[in-house]
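Undergrad: Single-letter residue listing:
Protein chains: 2
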Amino acid sequence: MASLLRLPSLLAPAARPALLRGRYRCLHAGMAARVSASRGRAAPAAAATTGAAAPAPPETRGGDREGQVTPRSADFNAWYTDVIAAAELADYGPVRGTMVIRPYGYAIWEAIQDYLNVKFKETGHSNMYFPQFIPYSFIEKEASHVEGFSPELALVTIGGGKELEEKLVVRPTSETIVNHMFTKWIQSYRDLPLMINQWANVTRWEMRTKPFIRTLEFLWQEGHTAHATFEEAEKEAMQMIDVYTKFAYEQAAIPVIPGRKSRVETFAGANRTYTIEAMMGDRKALQAGTSHNLGQNFSRAFGTQFMDENGQIEHVWQTSWAISTRFVGGIIMTHGDDSGLMLPPRIAPIQVVIVPIWKKGDEKSAVMEAVASVQSTLKEAGIRVKVDDSELRTPGWKFNFYEMKGVPIRIEIGPRDVTNKSVVVSRRDVPGKQGKEFGVSMETSILVDHIKGRLEEIQESLLQKAIAFRDCNIVDVSSYGELKEAIAEGKWARGPWSASDADELKVKEETSATIRCFPFEQPEGDKKCFMTGNPAEEVAIFAKSY
Amino acid sequence: MASLLRLPSLLAPAARPALLRGRYRCLHAGMAARVSASRGRAAPAAAATTGAAAPAPPETRGGDREGQVTPRSADFNAWYTDVIAAAELADYGPVRGTMVIRPYGYAIWEAIQDYLNVKFKETGHSNMYFPQFIPYSFIEKEASHVEGFSPELALVTIGGGKELEEKLVVRPTSETIVNHMFTKWIQSYRDLPLMINQWANVTRWEMRTKPFIRTLEFLWQEGHTAHATFEEAEKEAMQMIDVYTKFAYEQAAIPVIPGRKSRVETFAGANRTYTIEAMMGDRKALQAGTSHNLGQNFSRAFGTQFMDENGQIEHVWQTSWAISTRFVGGIIMTHGDDSGLMLPPRIAPIQVVIVPIWKKGDEKSAVMEAVASVQSTLKEAGIRVKVDDSELRTPGWKFNFYEMKGVPIRIEIGPRDVTNKSVVVSRRDVPGKQGKEFGVSMETSILVDHIKGRLEEIQESLLQKAIAFRDCNIVDVSSYGELKEAIAEGKWARGPWSASDADELKVKEETSATIRCFPFEQPEGDKKCFMTGNPAEEVAIFAKSY
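So the protein sequences, as listed, match chains A and B.
The first sequence stops at residue 546 when you use this note's numbering, and every number in between is there.
The second sequence stops at residue 1546 when you use this note's numbering, and every number in between is there.
These are computed hints drawn from the structure, not numbers from a lab.
Check before you lean on any hint, since a few could be wrong.
[What the hints assert, rightly or not] Mimicking DSSO-like on lysine-lysine, the simulated pairs with C-alpha atoms at most 30 Å apart in a straight line are:
| # | chain 1 | residue 1 | chain 2 | residue 2 |
| --- | --- | --- | --- | --- |
| 1 | A | Lys506 | A | Lys210 |
| 2 | A | Lys210 | A | Lys184 |
| 3 | B | Lys1465 | B | Lys1364 |
| 4 | A | Lys119 | B | Lys1141 |
| 5 | A | Lys121 | B | Lys1508 |
| 6 | B | Lys1121 | A | Lys386 |
| 7 | A | Lys141 | B | Lys1119 |
| 8 | A | Lys184 | B | Lys1119 |
| 9 | A | Lys167 | B | Lys1167 |
| 10 | A | Lys379 | B | Lys1162 |
| 11 | A | Lys162 | B | Lys1508 |
| 12 | A | Lys379 | B | Lys1121 |
| 13 | B | Lys1184 | A | Lys386 |
| 14 | B | Lys1433 | B | Lys1360 |
| 15 | B | Lys1386 | A | Lys184 |
| 16 | B | Lys1379 | B | Lys1364 |
| 17 | B | Lys1246 | B | Lys1360 |
| 18 | A | Lys162 | B | Lys1184 |
| 19 | A | Lys162 | B | Lys1162 |
| 20 | A | Lys167 | B | Lys1162 |
| 21 | A | Lys162 | B | Lys1379 |
| 22 | A | Lys141 | B | Lys1359 |
| 23 | B | Lys1544 | A | Lys210 |
[To be verified] A few chain A residues that don't get close to chain B, going by computed Cβ distances all over 12 Å:
| # | residue |
| --- | --- |
| 24 | Thr98 |
| 25 | Ser126 |
| 26 | Gly161 |
| 27 | Glu206 |
| 28 | His450 |
| 29 | Ser512 |
No residue lacks a Cβ here, since even glycine has one placed at the ideal position from N, Cα and C.
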């Protein structure tokens, strides 16, 4: 693996022997369920590990009851859509399969954009913008591309009141139009590498949709690069999957597994697709970002050529890579619990919410003064802080509401706190009294350090919890039977694989699991394909997925 | 005028008597031409004031000759498209009327976004995202809206390989879908005001297109707000046109005239439209941003209601407001000259370009060391600086190229400069030797202050130059004959107006000029409509426009 990153190893035998050998009882399996139970809500301890609980009947769902959602363990899908509604992340658009991203959900996307935009520029890419209307003929130029995308296209056939001569495709992705333009801009090796990115909306006519995860229109960034050699393109494709991996770990606290897609799962038009695969709370896999080495497929289809230093005309070597609003869904499904969303501090639009508490009118001014002072102290320290001083809602309602919104830290300030010059600090990720600290000094130097420290702890704790959950739910298999068993239990199966595409499709048909990736991190030693018994170079990870 | 801003007055009699009375010889009329002429390129002094020069024959156009463009005075339109190509701002997309925004052009748009995004949030708005596909029936709900937009729609009729039951409109603007959603989200006065913004692409099937100015698809922000009262909506609409005005003056150095549109020119679906109107280098007007008081037009059409504090059900009062990539075209056409683009430092993607100059190999390392040191000095001071150390191009080529790109300041560093510990500083906006300073010390404290000071001077100078140009080309008229004369000379005409919509359309038919706005800033005293002789409340500005 050429990864630039140092990530917690999946494989280090001392640290996680259970993973490789799959013999030890998993210490963390029940964690999600225990957290739920400790909050005093219905969460059968078994459900979190079987993942197969039947959906709750509609009348027990909490989506419409203010501030409550279907328990995660009772019905993961209902929980997910309830949280999206209750935390005001998104709503359904009027056209089937479309989604309105509400301000709080959009702010999470903006946090993703802010981080990646800087990284893209640091790695030499410029933003630009391509039109979204693509002549239909373009899509047909690259054979596997048209095969992959034609069933999903939205077509504009009428413009300005007239039937168009050529149908226009509303972009499902931009490789074709990018290559059309690259062909105009690239003549010589001096024009290479050409490295660009665009933030845009894309449209894919999906049949089964799910907010954030799969919508008819979604937002993404798509990087497109052209290089003089295969090696440069390969290095770029790897570099970008590393940028995504680092983002997932360090910002979103999602311990994705980076790897290479199988031939069957490779992007329509790519030679190689790299992916980051995340394990959701129901243990289904989410493809959270991809980076493609396109080889010369599109440059041959569009005649994108350059003159090299020796005067030879060559086709350019290309990459493309993308992360979308789907990632927001990944964050919800990785960290959320029965109380709602749980956001990693680094991408939380609100890191600290302050709730003033007073009963009698004469308490109000002193409390509000302290609240304003704490707010400005934290704001000056660069912490994203919000005060909810609405008198239309009770403090209790606010506690639930900001827990639902996944705000990492809540600060309560009441009359007694004012007297003691202290505040009460509650962690979203540690339920009940355990997560509550009384008497934290309001003194600027103490409070700022305390809150910053807690935010770091929460960030790290969410990542470690997700790593533990992931690692407890990956089973090493050495036969097809073991794979079937693991998949039936809702887990991921990892085993040596060198069988055919047909065998891969057979596994999919029989178990609903697909190869998520050949992880970059591979165990050493000889391997035998669990399907055929033939020698295998690599282990693959199989799982059901979104 | 309820404007929050203090802007250079259009009307202060002491400062600019020529403007109100139109009697004095305009001191600045020939400025643009003189600047061109002093650079030693063909620019008949008369052309800039008549604006009516015939297009140059194709063979004299410079667009294809590297680093050269058609002289602005010879053919403004050819100059504009040449500059866009030569400065690598944009290119034509494969579908008629579409545009690819190239990295340098997109970086200008990003500078616009960065500024406005902060202002929108400071004034209480949140970003979000609405789907771009709108059911056709929505567009039909507001009568004047459908009349205004239906000729310009792009329609999706096929999705996922099937004919759709209802055609989908690719958004030309989002009032309809916004109201559909607002109706779901707004119940009570507690839900108001609702103030949001989205950055998005929009599609209008325009017949006559022009890069940045009018394209089939363009990028913009569209703000949408809902309020409990007419007054609040009016205040919001005014606040946002003030944000735009301030942006235009302080960032883009474009002295726009803010005002109210006539009934004829009001947005399809609005009660009032406020606008900022900019004078381009050919003296045509550009509508550079608008803010609409929508009244209850959309809330009645979509049933967007709320319960007020007394328990009464009312329709909400709304606004919408937008600035688009058209503004980039406005920047090009306000400041550019025969050498290409000229960017105001505050929105210039590159504020300073450093060109190393050396001939012999043994000079190189010392020069490059000084270049690196100056670069990091300026970068640390927060100045956007680029080094062009390519050995494939000569310094002379680079000088022309970065002038074409409108980079405000060029720094040259050669062997003699290294010896003297100094640099050569050239201003883009002052041509020839006059704009060149030799022997500016490399000493950090001196250099940083010097460059920052020059950037401020350039920013201010571009604004003052544009103000002078604008003010010399507005004529106060007191009869229709005077208006015709002013318009025929390519100028703007300002005069008292209280005539009918039919009269306004007659002026348009006979002169091609339209009412650009009733400016917020109005002369005092009694006025008589120059068309009818009836009393008039206000002066209007008439001009030909893009």
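Undergrad: Against this structure, judge whether each hint is valid.
TA: These are the hints, each one checked on the structure:
no. : hint                  : result
1   : A:Lys506 / A:Lys210   : holds (27 Å)
2   : A:Lys210 / A:Lys184   : violated (39 Å)
3   : B:Lys1465 / B:Lys1364 : violated (40 Å)
4   : A:Lys119 / B:Lys1141  : violated (45 Å)
5   : A:Lys121 / B:Lys1508  : violated (48 Å)
6   : B:Lys1121 / A:Lys386  : holds (14 Å)
7   : A:Lys141 / B:Lys1119  : violated (45 Å)
8   : A:Lys184 / B:Lys1119  : violated (38 Å)
9   : A:Lys167 / B:Lys1167  : holds (15 Å)
10  : A:Lys379 / B:Lys1162  : violated (53 Å)
11  : A:Lys162 / B:Lys1508  : holds (28 Å)
12  : A:Lys379 / B:Lys1121  : holds (16 Å)
13  : B:Lys1184 / A:Lys386  : holds (25 Å)
14  : B:Lys1433 / B:Lys1360 : holds (26 Å)
15  : B:Lys1386 / A:Lys184  : holds (25 Å)
16  : B:Lys1379 / B:Lys1364 : holds (22 Å)
17  : B:Lys1246 / B:Lys1360 : violated (50 Å)
18  : A:Lys162 / B:Lys1184  : violated (34 Å)
19  : A:Lys162 / B:Lys1162  : holds (20 Å)
20  : A:Lys167 / B:Lys1162  : holds (14 Å)
21  : A:Lys162 / B:Lys1379  : violated (53 Å)
22  : A:Lys141 / B:Lys1359  : violated (48 Å)
23  : B:Lys1544 / A:Lys210  : violated (50 Å)
24  : Thr98                 : violated (4 Å)
25  : Ser126                : violated (4 Å)
26  : Gly161                : violated (6 Å)
27  : Glu206                : violated (8 Å)
28  : His450                : holds (28 Å)
29  : Ser512                : holds (23 Å)
Of the hints listed earlier, those the structure fails to meet are numbers 2, 3, 4, 5, 7, 8, 10, 17, 18, 21, 22, 23, 24, 25, 26 and 27, in rising order.
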